[in-house]
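Below, each chain spelled out in residue letters.
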Amino acid sequence: MADLGSNLAGIRSPNPFWLASAPPTNSGYQVQRAFEQGWGGAVWKTLGTPIVNVTSRFAGLNYREHRMVGMNNIELITDRPLDENLKEIAECKKAFPDRAIVASLMEVCERKPWHELVKRVQEVEIDGFELNFGCPHGMSERGMGAAVGQHPDLIERVTTYVKEAARVPVIVKLTPNVTDVRFPARGAARGGADAISLINTINSVMGIDLESWKPIPHVDGKSSHGGYCGPAVKPIALNMVSDCARDPEVGIPISGIGGVETWRDAAEFLLLGATNVQVCTAVMHSGFRIVREMIEGLNDYLDAKGIASVRDLVGKSRDTITTWENLNLNYKIVAEIDQSRCIHCNKCYIACEDAAHQCIDRVAHGNNGTYDLVVDADHCVGCNLCMMVCPVDCIDMLRVDAGLPSQSWKERNALAPS
Amino acid sequence: MTPAGSFPGKPIHKELSKLEVSIEANRCLYCYDAPCTRACPTHIDIPRFIAQIADANVKGSARTILDANPLGASCARVCPVDELCEGACVYNTESDTPIRIGDLQRYSTYVVREAGTRVFEAGAPTGKRVAVVGGGPAGLAAARDLRRYGHAVTIFEAREQLGGLNTFGIVPFRLSTDVALWEAQQVIELGCEVRTGARVGDDVSAASLVAEYDAVILACGMGEVPQLRIPGQEHVWDALAFIERAKTTGEAPGLGNRVAVIGAGNTAIDALTCAKRLGAENVTMYYRRGEAEMPAYEFEYDFAKEEGIEFRFHCAPKRVIAEGGGVVGLELARTDGEGSFVAPCDTVISAIGQNRLLDAIDALGVAHDNGVVRVDESLRTTREGVFAAGDCIFAKGVREAMVVEAAEQGKTAARSVHELLSHEVPHGRSRQ
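So the sequence lines, in the order shown, correspond to chains A and B.
Numbering of the first sequence is given in the numbering used here, commencing with residue 1 and proceeding in unit increments.
Numbering of the second sequence is given in the numbering used here, commencing with residue 1001 and proceeding in unit increments.
Since the hints were made in silico from the structure, they are not lab data.
Think of the CB as a built atom: it goes at the ideal place given N, C-alpha and C, for glycine as much as any other residue.
Heads up, some of the hints might be wrong.
Using C-beta positions, here's what the derived DEER-type ranges look like [as the list claims (entries may be wrong)]:
1. A:D153 - B:S1022: 44 to 52 Å
2. B:S1022 - A:D354: 26 to 34 Å
3. B:E1306 - A:N367: 52 to 60 Å
4. A:Q339 - B:E1298: 27 to 35 Å
5. B:K1059 - A:N62: 19 to 27 Å
6. B:E1306 - A:D372: 35 to 43 Å
7. A:T320 - B:T1093: 49 to 57 Å
8. B:K1059 - A:T370: 30 to 38 Å
9. A:E84 - B:T1093: 57 to 65 Å
10. B:S1022 - A:R57: 53 to 61 Å
11. A:E211 - B:R1118: 49 to 57 Å
Work out the full structure, taking the sequences as your base and the hints as a guide.
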């Protein structure tokens, strides 16, 4: 059994799987159900001045037979009184003392209200704060959430206010709705944040109903942009986590969020430098029980790899991400099609012919109507497209020795006469 | 006509649920130069019609199907898909099953049929007139395309209703009358003149056709089941007449409990299963050759087995035994050995093929080989301006007697007529 115990800037949890601040952490009832299933921690639905919500609130992006590959929501922070939430937080902590409970907070950008909120919440036992500078809809129109997260100086200032009053670690949750996420992350670090969490949801319009011409979801015929999440956003989240993990000016632990559905997704975030992960959409799709497979899967993976602790996974792939100019221009791979497994759907052929480099030929076996799909290895650029479209995984990309030493664009330019 | 649902027993095809349609349509790989399309005699762009179902454009999918195959709804019920499209699907692997192309095609055509959606329009009038002799699958396919080319069409049909074997000769639990007639109606609605009860050679003179029309397409099909030429043959029922009566009335008076069917083709299977579903307890097929030589499609044979039909191979009919005007038995000679035996039965049905309609063929004065109208690749007969398609050109080992083949031949004949009448290759009929 591998040690799945996780420690994010001093916040300990028995495993790295936390629930993100979202509808699944709206109440003590829910969080206790989650802890019963094994979740290592929960970031409570954002506390602040209770709001009024609208209906409807969510929409799913379906891709062919797959439901909710993406999801969008226009729900706001908690609509329940602070006292009620705090009472339930206390009950949860009492029932599950080994789990991490982090209070997500949102407040206007002034010192006094933040100090008051932090102190009120600290009256119950909590393990940390997460500052919601990410919510992209509704609250941002009121100068909170992503409206803060898009200004590194505001992030820094508000983080400073919170740190003045907080007795537990402070995580700053970042919005992806910025050009370069390192700038707000650095703001959080300058403000004294103990960790950052990212990404919050992405600005999105989910769709238009082709019959009614109304947006999806709509509130009495209208909608506003919502926050996009779910499996489809994972690559965006991984990129932003990677950017922050590699930036020396950020330099604080990361809680990875965005499209985590399985232990595999989680492992990728950890490898790129996240200390733990937070999950929401997958739970909204399938319930809290998914954490059992996540725990078991990660444990089996670590055991198979001979890794004693999940903490030893963190950042192991961090430095494999670099800038384009550092990539080896002399690295060559070409496609090879395994004829014994090819089913002749010709998807690789048409993809290469129409969208790549016309490097797959249909070579007939005499006149009997049968043929092989054969890669023109001399001209194949190794783009991977054929392998990606192959439905039976019969295409391998094979390394070709170009007979040249590694050389990046940067190195080549350095050698070039000026 | 008997409503489809009134015939005993369930239809063979179980319709897909909406979820099944979606799963199956999305499972299709959208192959390029797809083997299913190559395997279809009418070359329906199958990946395209399935993608259109997945895209929620069912009318578009029906257009794709019916553009290539005017008989797309009936073919989704009678085609030997295992040997054609589904048999060619790349998913015929150890771990996968082929896409249910026939089921999806039935779904698509069902949706436009239920909605009353009009899929095609007639072409701009060309002023040319074409006579189509026979309103079965080949004739309807030809008429449909001729109308889309803009030629005026008159269909001469010997029976009172169109559809040919689709309407009268295929068991209702495989192809209901309403589907066959809907398909014919789609052709009529393009503006065809239809003369039913008009048998060429009897009711209409062949000379007048040739004189009054710019071209003639002969698609008269075939005739009755030939005589068995054995003692007692006058007591034998014609399988096609039996199926027609059963399909149109829902009953077969005097069928009895024990039925012997002679022949092993698809019509024999239809007669066998029809008799069984009408209540005969003991229904047996007798065939002079072996199981391997059976001309019926494998899926038809499998279906007959499921229905509880018995099969006796290597025995040929020798004598029908009748007492007091009623059949009591059939004497059969063993073809794989000596001797004969008597099978007690109440009814003997013959399904050993069909006669050629020599009267119509001779009336039109086209050359034929033992009743098989002689045609070239363009389906031109030996007579200028006269073309032929469907079962009247069917010859064992040369062409298949499938509805889907008849549809393709009807299209080919129509294209040839159009080329003749317009002296150019037709344009603007995209099939890609």
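These are the hints, each one checked on the structure:
1. A:D153 - B:S1022: 44 to 52 Å: holds, 51 Å
2. B:S1022 - A:D354: 26 to 34 Å: With Cβ atoms ~27 Å apart, the hint holds.
3. B:E1306 - A:N367: 52 to 60 Å: violated, 40 Å
4. A:Q339 - B:E1298: 27 to 35 Å: holds, 30 Å
5. B:K1059 - A:N62: 19 to 27 Å: holds, 22 Å
6. B:E1306 - A:D372: 35 to 43 Å: Given about 40 Å between the Cβ atoms, the range holds.
7. A:T320 - B:T1093: 49 to 57 Å: The hinted range 49 to 57 Å is violated for T320 of chain A and T1093 of chain B, with Cβ atoms some 36 Å apart.
8. B:K1059 - A:T370: 30 to 38 Å: Cβ of K1059 of chain B to Cβ of T370 of chain A: about 36 Å, so the range 30 to 38 Å holds.
9. A:E84 - B:T1093: 57 to 65 Å: With Cβ atoms ~58 Å apart, the hint holds.
10. B:S1022 - A:R57: 53 to 61 Å: Between S1022 of chain B and R57 of chain A, where Cβ atoms are some 26 Å apart, the hint is violated.
11. A:E211 - B:R1118: 49 to 57 Å: violated, 21 Å
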